[in-house]
Amino acid sequence: MELNYNSNKGFTPIEPDIYDKLNWDYDLIVLCLEYIRTEIHTILEIEGDKIDVFLISFSNFLGQNYPAIGIRNKSDEKESSNLDFFELDEKIERWILNIGIENLIQKAQNISCVNWKTLQDLKRFPQ
66 MELNYNSNKG FTPIEPDIYD KLNWDYDLIV LCLEYIRTEI HTILEIEGDK IDVFLISFSN
126 FLGQNYPAIG IRNKSDEKES SNLDFFELDE KIERWILNIG IENLIQKAQN ISCVNWKTLQ
186 DLKRFPQ
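The sequence shown lines up with residues 66 to 192 when you count with the working numbering.
A portion of the hints provided could be inaccurate.
Stated by the list, open to error - No farther apart than 30 Å at their CA atoms in a straight line, the calculated lysine-lysine pairs in the DSSO-like style are these:
(1) Lys156 / Lys188
(2) Lys86 / Lys188
(3) Lys115 / Lys188
(4) Lys115 / Lys172
(5) Lys115 / Lys139
(6) Lys139 / Lys188
(7) Lys156 / Lys139
(8) Lys86 / Lys156
(9) Lys139 / Lys182
(10) Lys188 / Lys172
(11) Lys86 / Lys172
(12) Lys115 / Lys156
(13) Lys182 / Lys172
(14) Lys172 / Lys156
(15) Lys182 / Lys86
(16) Lys139 / Lys172
(17) Lys156 / Lys182
As the list claims (entries may be wrong) - Pair ranges (Cβ atoms, derived):
(18) Asp85 / Lys115: 16 to 24 Å
(19) Asp149 / Gln174: 28 to 36 Å
(20) Asp114 / Asn88: 19 to 27 Å
(21) Phe126 / Ser177: 17 to 25 Å
(22) Pro191 / Glu112: 15 to 23 Å
(23) Gln174 / Gly128: 14 to 22 Å
(24) Glu110 / Lys172: 25 to 33 Å
(25) Ile164 / Gly128: 18 to 26 Å
(26) Leu187 / Glu80: 27 to 35 Å
Keep in mind that the hints were calculated from the coordinates and are not lab data.
The beta carbon of each residue, even a glycine, is placed where N, CA and C say it ideally should be.
With the hints as extra help, turn the sequences into a complete structure.
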């Protein structure tokens, strides 16, 4: 799967392997995902003006909603970033392993972010 979205609707969803480790505490998951989102350009080694990155209320094929990160190319970008899903996922998972789940939680506690209920209402953050 490549990041070739040119509209406002399509995202590549990123679902890091943190949900079980955070006991499915959606508010804590949202905080941790927001911290990851703020670091995503460093993690992926890609310029900030090439992609849009949001927290999203994602729905799977079973209709279950949960928080995730949504990444897409900026629609006005002439040259798109062609990172595939597996490369994105691998880089983010490796970064999480390097930082450690406890450090991720600690760093996430120091940021301001919407809670899960608000993200569900907004569908994506920031707007």
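* **Numbers of the earlier hints that this structure fails to satisfy, in rising order** => 18, 20, 21, 23, 24, 25, 26
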